[in-house]
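Chemist: Model the full structure from these sequences, guided by the hints.
Protein chains in written order, with this note's numbering: chain A, 1 to 173; chain B, 1001 to 1153.
The hints are simulated quantities; they were obtained by calculation from the structure and are not laboratory data.
Warning: the hint list may mix true and false statements.
Claimed, not checked - Computed from the model, here is a short list of chain B residues facing chain A with C-beta under 7 Å:
# : residue
1 : Pro1059
2 : Thr1064
3 : Tyr1147
All values reported here derive from a predicted model rather than from experimental measurement.
The C-beta atom is built at its ideal place from N, Cα and C for all residues, glycine as well.
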Amino acid sequence: MICFMKRTLLIVAGVALVLIWIVLRHSSTEQKESAGFGPAPDFTLADVSGKKLSLSEYRGKVVLLDFWATWCAPCKEEVPHFVDMQNRYGGRGLQIVGISMDDGEKPVRAFQQEFRMNYPVAVGTAQLAEQYGGVLGLPIAFVIDPQGRIVSRYVGQTDPEVFESEIQKLLRR
Amino acid sequence: MQPTFCNFLVALLLCTTLLGSTVLHAAGSITLKTITPEELLQAMQAKNSAKRLLFFVGPRLLYTQAHIVGAELIGQGSTSEGIQNLRQRARNLRKDTPIVLYCGCCPWNHCPNVDPAYRALQELGFTRVKVLHLPNNFGTDWVDKGYPTARGE
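Modeler: Shown next as structure tokens:
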């Protein structure tokens, strides 16, 4: 009887663990789209430190273009991973670019300092967002290849390993 | 030895179940009265339905790109300015005015705006306030479905 109970409990515990693993695995809400994209629309903005920021300057690099905002909790969670990736892959040809959808620069500047963001950040415009198909929910990130083509679009918080794996492949080409 | 092992398993099971339920119930807005996009659409299309006000309490940049037809830009519910605008807008309204708040800036369980806006209206005594439930974001749950949308301010 005890042996039967042990076995049943083990099975139930195992199933519970698997279910939790599935829930945790899917708790990042990203939706990836990776077909039907064309060239990444070029733009020129002033970044929050006043420098010119043009997407075309990064032709030849793999670009991760992140639409985010200081008030967006999933975006905040992603930023430290982007900082880490810029540190590790910047020398190999990765450039992360942040486009904030905040209504002003002030909170973005403070956030950039607090999170020690090591990549350029500018406040976006509705026109730019529309050029990228509309940014009607955050975060949204685009991976752009060295030829300036959009390779994929991620809507929602995305597992950093997913970004990293895609970036590594593009950097190896 | 065996009962101890069983106790351990029961404890493990309880822990995992509790952990699981915490994750599944992470959304913080369980007390909000909500309306689904489909219900709102039906209400908007119904000829005899009561006139309701639609208040957008998210960021301006999202509103400018796309908003529900007839929605008013109030300001972010997470900012004091947004709440002040909301109080100002509500000042001369009857307390039984049907109001739908919405944002859709982020996934529902991360939205910083609808909760404070809803609470502010409740504190003012409004009795017919609902929040549009957008599980993913405004783009996915409204615009991509082809529901009526306007642009600009």
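Chemist: Now, for every hint given, state plainly whether the structure supports it.
Modeler: Hints versus structure:
Look at Pro1059(B): its Cβ gets to within about 6 Å of chain A, closer than 7 Å, so that hint holds up. At its closest, the beta carbon of Thr1064(B) sits 4 Å from a beta carbon of chain A; the interface hint therefore holds under the 7 Å criterion. At its closest, the beta carbon of Tyr1147(B) sits 12 Å from a beta carbon of chain A; the interface hint therefore is violated under the 7 Å criterion.
In this structure, the one hint that does not hold is number 3.
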